[in-house]
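K.L.:
Chains B and U, in that order, give the protein sequences. With the first letter of the first sequence counted as 1, position 85 gets the number 85 in our numbering; the numbers rise by one all the way through. With the first letter of the second sequence counted as 1, position 541 gets the number 541 in our numbering; the numbers rise by one all the way through.
Calculated from the structure, these hints are not laboratory results. All C-beta atoms in this analysis are idealised placements derived from N, C-alpha and C, irrespective of residue type, glycine included. Nothing false has been slipped in among the hints.
Calculated Cβ distances over 12 Å to all of chain B for the following chain U residues:
1) Ile193
2) Ser225
3) Glu377
4) Leu494
5) Gly540
Think about it this way: if two alpha-carbon atoms lie no more than 25 Å apart in a straight line, the pair counts; the simulated SDA-like pairs of lysine to any residue are:
6) U:Lys387 to B:Gln285
7) U:Lys154 to U:Val119
8) U:Lys90 to U:Gly104
9) U:Lys126 to U:Gly89
10) B:Lys190 to U:Ser250
11) U:Lys387 to B:Asn33
12) U:Lys296 to U:Asp462
13) B:Lys95 to U:Thr237
14) U:Lys126 to B:Arg41
15) B:Lys95 to U:Tyr203
16) B:Lys95 to U:Thr180
17) U:Lys387 to U:Asp315
18) U:Lys100 to U:Val119
19) U:Lys296 to U:Asp414
20) B:Lys95 to U:Pro181
21) B:Lys95 to U:Glu183
22) U:Lys488 to U:Asp140
23) U:Lys229 to B:Ser175
24) U:Lys229 to B:Leu176
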Amino acid sequence: MKRYFSRKLAIYLVTFFLAVTVDWLIPRFMPGNPVQGIIARAGLKAESAKLIYSQYMRAFGFDVPLWKQYINFWSALFHGDFGTSLWLFPQPVLKIILRAVPYDIFLLLPAILLSWFAGNKFGAFAARSKRLDNTILPLGYILTAMPYMWLGILLAWAFGIVFRIFPFSGAYSYSLMPHLSWAFILSLLKHWFLPFASLFMVMFGGWAIGMRNMIIYELESDYAHYLEALGAPRRLIRRYAFRNAILPQITGLALQLGVIVAGALVTEIVFAYPGVGYLILQAIQNHDFFLLQGCFLFIIIGVLIANFAIDVVYVLVDPRTRAGMEGRQ
Amino acid sequence: MWRSKSKVAICILLATLVVSGLAAVLVQGQSFERSETLYTGGKQWGPVSNWNPLMTGNYATGTLGLCYETLFLYDPLTDEFMPWLAESGKWVSSTQYEIKMRPGLTWSDGEALTAADVVFTFTLGKTAALNFSSLWDWLDSVTQVGDYVDFVFKEPLYQEWANYLYTVPILPEHIWASRTPIEVATGANDKPIGSGAYLYYGYDQTKMVWVRNDNWWAIKALGYSVAPKYIVDLVNTSNENSLGLVLQGSEDLNNNYLPGISNLIQGGYGLVTYYPGPPYHLPANTAWLDINLQKKPLDDLAFRKALACAIDVNDIVTRDYGNMVEAANATGLLPVWDKYVDQAVVDKLGLSYNPEQAKKFLADAGYKDTNGDGFVEAPDGAKIALKIIVPNGWSDWMAAIQIISNGAQAVGIDLEPSYPDFNGYLDARLNGTFDLAIDNQSQISNSPWSYYHFVFYDKLADIPSTQGGNYGRYNNQQAFDLVTQLDKVPVDDLAGMKAICSKLQTIQLTDLPIIPLWYNGAWAQMSSRYWTNWPSSAEGGDHYFPVTWNGYWNMTSILMLVNLEPAQ
Chain B
1 MKRYFSRKLA
11 IYLVTFFLAV
21 TVDWLIPRFM
31 PGNPVQGIIA
41 RAGLKAESAK
51 LIYSQYMRAF
61 GFDVPLWKQY
71 INFWSALFHG
81 DFGTSLWLFP
91 QPVLKIILRA
101 VPYDIFLLLP
111 AILLSWFAGN
121 KFGAFAARSK
131 RLDNTILPLG
141 YILTAMPYMW
151 LGILLAWAFG
161 IVFRIFPFSG
171 AYSYSLMPHL
181 SWAFILSLLK
191 HWFLPFASLF
201 MVMFGGWAIG
211 MRNMIIYELE
221 SDYAHYLEAL
231 GAPRRLIRRY
241 AFRNAILPQI
251 TGLALQLGVI
261 VAGALVTEIV
271 FAYPGVGYLI
281 LQAIQNHDFF
291 LLQGCFLFII
301 IGVLIANFAI
311 DVVYVLVDPR
321 TRAGMEGRQ
Chain U
1 MWRSKSKVAI
11 CILLATLVVS
21 GLAAVLVQGQ
31 SFERSETLYT
41 GGKQWGPVSN
51 WNPLMTGNYA
61 TGTLGLCYET
71 LFLYDPLTDE
81 FMPWLAESGK
91 WVSSTQYEIK
101 MRPGLTWSDG
111 EALTAADVVF
121 TFTLGKTAAL
131 NFSSLWDWLD
141 SVTQVGDYVD
151 FVFKEPLYQE
161 WANYLYTVPI
171 LPEHIWASRT
181 PIEVATGAND
191 KPIGSGAYLY
201 YGYDQTKMVW
211 VRNDNWWAIK
221 ALGYSVAPKY
231 IVDLVNTSNE
241 NSLGLVLQGS
251 EDLNNNYLPG
261 ISNLIQGGYG
271 LVTYYPGPPY
281 HLPANTAWLD
291 INLQKKPLDD
301 LAFRKALACA
311 IDVNDIVTRD
321 YGNMVEAANA
331 TGLLPVWDKY
341 VDQAVVDKLG
351 LSYNPEQAKK
361 FLADAGYKDT
371 NGDGFVEAPD
381 GAKIALKIIV
391 PNGWSDWMAA
401 IQIISNGAQA
411 VGIDLEPSYP
421 DFNGYLDARL
431 NGTFDLAIDN
441 QSQISNSPWS
451 YYHFVFYDKL
461 ADIPSTQGGN
471 YGRYNNQQAF
481 DLVTQLDKVP
491 VDDLAGMKAI
501 CSKLQTIQLT
511 DLPIIPLWYN
521 GAWAQMSSRY
531 WTNWPSSAEG
541 GDHYFPVTWN
551 GYWNMTSILM
561 LVNLEPAQ
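Only chain B is shown next, with the shape it has when bound in the complex (with noise of 0.2 Å):
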């Protein structure tokens, strides 16, 4: 078991390593200086913005050669230190993500458990039951394929606009600021709503076909057959094939786990929604390099701690994985 994990960890290390190489890489392929567009913005006197373009991009550390660059990047990195942000210079890129996380979470982990849960439950269910399957199903399919953000969109305009029943815009009334009370708590669950919809909706429906699919499976496999000939009750059946069929779900769910900081880019965009993918759009639009390494370092570690988290989960729960690590025949 040592050895298992111990390769394990050296695969992800060096994955780790690559992927944030590659991230610091990535922002700096793009067209344009950054530091240009801060002092475009600025509105400067030329005579003095020679002075204030030297003293940012000495501020940036852009005043060294790239490899200089890359190294001083993963020592800040080992010393917790993410950057300034650009766009919104001069607050440190880790307090602008940490700002943005609990409305990720807020939104995203509600969203995935519940459709995890209600979708494998729902698909179990519909799993060869004649009516369900032609008639709720389709309609699994139906949501499942259809883009988070259009779907967000056409939730946006019917409540919204149309009925006028929910907020579409931000986390809370802008009217308000974020304080311990009920009309607070209102008003962000309020806002909440319709980017979690949106986003359980289509969940729902992906988890729910899964699951069926995996069912009809199990249920056609041999122990199956052989239970139903010993004459055992449909239920007991059943049990036996959801409890096989939910191992690669558990798979799915840790990887959506992983992506949780940044899981909702397009419907934070359409939702005005304060969270990580709201501002990985905005890095990217203001050639924020410290910022989008910033957002894809929590996804990058978010998603190897998901992929960990699964190979413990599975030596835990599925008895075969465990055997053939020990060695068992």
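Keeping the supplied structure of chain B fixed, place chain U upon it in accordance with the hints.
P.N.:
This is chain U only, laid out in the frame that chain B set:
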């Protein structure tokens, strides 16, 4: 069993995370009484990130104007300087300017604001890299003499100096003195302490909130008091969203370009603009065509003249802008600088839309369609294919360059519109790799010098770092010298200024380094649902700029707040 246990676990996990998610965004705050709150929008293109009035690019809306103040206000509409923190100021000799400070000024923490703070602020430009640092190239010393501050110049640049009088924020020495030059120039300056009409209240991802300063010096000194208790400046999300907020009356003042406002004004939404009819908005800057003179055939004057005659600016004004802008004067000078326009020069040299004339310019200079593709080739037979660029997403400009391209194509010039992202557009202009571009970087100010300094910026090699203008790389030492000379003309010597401006106009209209197109507006949509008495062009109305952008509060927008009245 695994299932029911997991159910419980998931429920608990969910509940804790929702609660912790809630708790994480809950800090202190409250909501704002609508009738006491002015909602603004249009300046902030991202969450608030700093309150440093020296970082002219991205300080929070109102940092300079509501919180920090300047020695004077400048009114572009009357071309007058209004004493603000200074009680008066004058040139006591040709090289010495003297300011008398207003008595009884205080910072919002109760400390006195004195001449020492002014000396301290200007001296900061020596040590830190600030927007007024270059002042020290020609300023010799700043000294306090009691309530007076004396500025002694090596070589006074009167026009520029007048600009500093209403753009340099006066800072409290007792707070800023301990900061390093880097902190001064680039620090966030959390919880700013200023002297202005508003105090820092708070901010979050979507807004900046200021609260009225009931101890503001101008209440006693000038009898001014600002009406709104809170100013909540909302971060822009999209133009559609802004339009929705203004129509609902949720946003009282919006400074985004909102197309179609001309129709909505009549739509019963309670919306007003500065002018009740076209052009609806006050002009803020001139949009002109940058021409890259380093490229063929743009280096040929005849070709540029043909181009100028091929552009139908009126079509842009009516179809693209719905008459929300006005066609620019041939000189490109803003209407507030009308007095500097030498009409005789314009009449003699100015070009206007005339496709036949454009074709004639081309034919006379030897541009002919030799390969029969409908577009002219250069006299030496080289193919001509030009691109005109504006930033992607700037919809009004994107439509404008389509009209320009069509006009050029109609006279036989192969010109295609292109829309790189903002940084790509900026890069092309700064590095001189573009053919043609729309530009409006030079803004309204106290002196046409700032405009000419931009059009005829002389440090061509420094353009990528200074962004000083002249992106077409026009090189004419005579024009550069005239601009320098203009800077040295005292601000009260109108005849002197006019004489130099006239010479510059002759050069500009003869050589066509740029082609002025139209005046971009100081876009301002105001809702009279909660607040009335907005600035307006009407007789007896308040002729102020209703604009929250950086630099406009000290060009009379602060006075708008003094005169606003609650609707009920």
